Amino acid sequence: MFPYDEVSWSAVDGAMFMGWGGALPGFTTVIAMIICVAVLVVGQKSEMAKTKMFDK
Amino acid sequence: MEEQIAELAAKLAELEAASAGAAVTNTMFAETFYYLTIPLMIIIHAGFLAYEMGASRLKNVLSSGVKNILAFAFMIPTFYFFGWWIYWGLPTGITGSAGPAGISGAEYASSIAFGWGESAQYMGPNIADQASGVFFGAFALFAATTASIMSGAVIERIQTVGFIILAIVLGSFAWVVAAAWGWHADGWLVTKFGVHDFGAAGLVHAVAGFFALGVLINLGPRIGKFNADGSANHIPGHNMPLTVTGLMLIIVGFWGFLMACVIVPGEAWSWFGDKPATIYGTPITLSALSFNILMAIAGGIIGAWLLTRDPFWMMSGALAGIISTASGLDIYFPALAFIIAFSAGIILKPCADWLEKRGIDDAVGAVTVHGTIGLYGVVMLGIWGSGYPSLQGAAGEVPTINLMGQIIGAVVFFLLGFVPGYVVSYVLKMFGMLRIPEGAELAGMDLVKVPAEGYPEWGGEAPVTPAHPAE
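Same order as they appear, the protein sequences are chains A and B. Residue numbers for the first sequence follow my numbering, so the first one is 3 and each next one is one higher. Residue numbers for the second sequence follow my numbering, so the first one is 4 and each next one is one higher.
If you are wondering where the hints come from, they were derived from the structure by calculation, not from laboratory data. Mixed in with the good hints, there may be bad ones.
[To be verified] Derived DSBU-like pairs (lysine-lysine); straight-line CA-CA distance at most 35 Å:
id, chain 1, residue 1, chain 2, residue 2
1, A, 52, B, 360
2, A, 47, B, 360
3, B, 228, B, 452
Being a predicted model, the structure only gives us computed values, none of them experimental.
Please construct the entire structure, taking both the sequences and the accompanying hints into account.
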């Protein structure tokens with residue numbers, strides 16, 4: 003939702019992104035961080051599995 | 004006393020001179036701002052050129068380049084002849100009536116966007132007009148981008164002239180109608196439904212992507228793409244590094260594309276005296292774009308890597324990241340942009356595979372990257388950005404972004420792309436102007452059409468891929 007009481011851009015003089023003043027920015031930042039870590043974990047696991055196939 | 008008055012008068016004259024100087028500086032800045040977006044957007048075409056040529060087999064590499072270069076060349080004059088007029092003439096619909104902002108309608112368009120009569124003063128060198136040329140240039144490059152999007156999908160079997168006709172219909176008509184309706188302060192999609200598409204996810208990318216789909220249905224797949232049982236063969240291009248580098252160049256150019264979506268402040272035609280705005284008059288900053296574009300590129304790459312590990316799809320994921328967030332780059336929070344872009348990177352390849360299973364041979368995944376993800380981006384903004392004013396104006400007097408409005412916008416953008424693409428390519432097919440003959444396709448389009456060789460020292464002995472379709 004629009005983070006200002008008056009639904010007009012004339013009322014905006016600062017931050018204007020979605021979720022400003024609420025929990026959304028922090029929540030999405032945490033989710034984004036988790037995604038980065040999770041992708042690295044999954045990537046490492048699958049690459050290790052593939053490289054093992056070439057072990058002699 | 005007289006001395007003081009003289010001193011004050013001198014100071015006033017000094018201030019007036021400084022103010023005039025500042026106005027000149029701002030005007031020059033505004034002109035330079037848009038002027039620089041033009042070469043940046045030409046980098047998009049350098050990227051598309053490299054990407055398409057790399058995705059072509061050796062026997063077609065130069066003809067793919069010729070087609071792409073020629074599309075760019077025809078897009079500029081046709082957009083000059085009538086595309087620019089359409090943008091200003093049709094925002095309120097096909098009636099060409101004037102809209103509430105007073106910058107639209109057939110009469111208005113005829114007074115500023117035709118290359119003849121009184122209107123011609125705004126369509127050529129004019130010392131008193133430092134805006135029209137650079138605006139026209141930026142929009143003409145948007146038009147050329149739509150043609151290049153379609154261009155990649157149809158490589159290796161389309162006729163050159165047929166393709167150019169399609170490119171003109173797309174770049175100087177179809178997307179321009181979408182822009183007039185959904186990317187203009189008087190556009191009916193904006194004023195009636197609150198459609199917001201800041202970075203043109205729908206009105207450029209989706210329109211071009213689904214135009215390409217309409218063409219592909221009539222054009223058919225390349226020889227050897229599908230087997231008798233309907234299964235698909237992968238037809239690798241001759242140079243993956245060139246393709247991936249081309250995709251990276253497209254992304255470089257997109258900074259110019261998105262920069263050109265910003266209206267600078269302080270001019271007679273600006274929305275504000277002191278802050279930049281979107282094309283809808285809503286405030287924006289280049290800092291907002293920097294945060295969100297970078298996070299979107301990263302999210303798209305990471306999502307695509309997770310699923311494919313393929314550099315082609317990773318860089319396509321970067322594009323998908325930008326496109327999936329383009330509608331709301333002005334108001335997304337960067338981490339949210341990252342998450343949306345990540346999801347776009349994840350769904351990219353499955354969407355392309357889905358299309359391929361239905362017999363569509365999209366050589367570079369353009370329908371998915373630009374079409375499907377473009378609509379995904381338009382709808383995503385409806386989910387996350389509901390309640391935001393979609394136009395500049397007083398509370399209660401302007402429409403707000405809403406999911407239904409964005410869905411309506413997505414449907415209109417789909418139709419504005421798919422219908423003309425399908426109909427015009429169908430007509431071209433009837434006249435034998437769509438697809439090259441089978442013999443020429445098998446021999447290779449470079450041999451047939453281009454009096455030059457891409458790799459003269461070793462090209463002739465390179466294997467032709469794929470071999471023949473499995474029986």
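Evaluated hints:
1. 52/A / 360/B: holds (28 Å)
2. 47/A / 360/B: Given pair residue 47/A, residue 360/B holds - Cα atoms ~30 Å apart, limit 35 Å.
3. 228/B / 452/B: holds (22 Å)
Checked against the numbered hints above, the structure breaks none of them.
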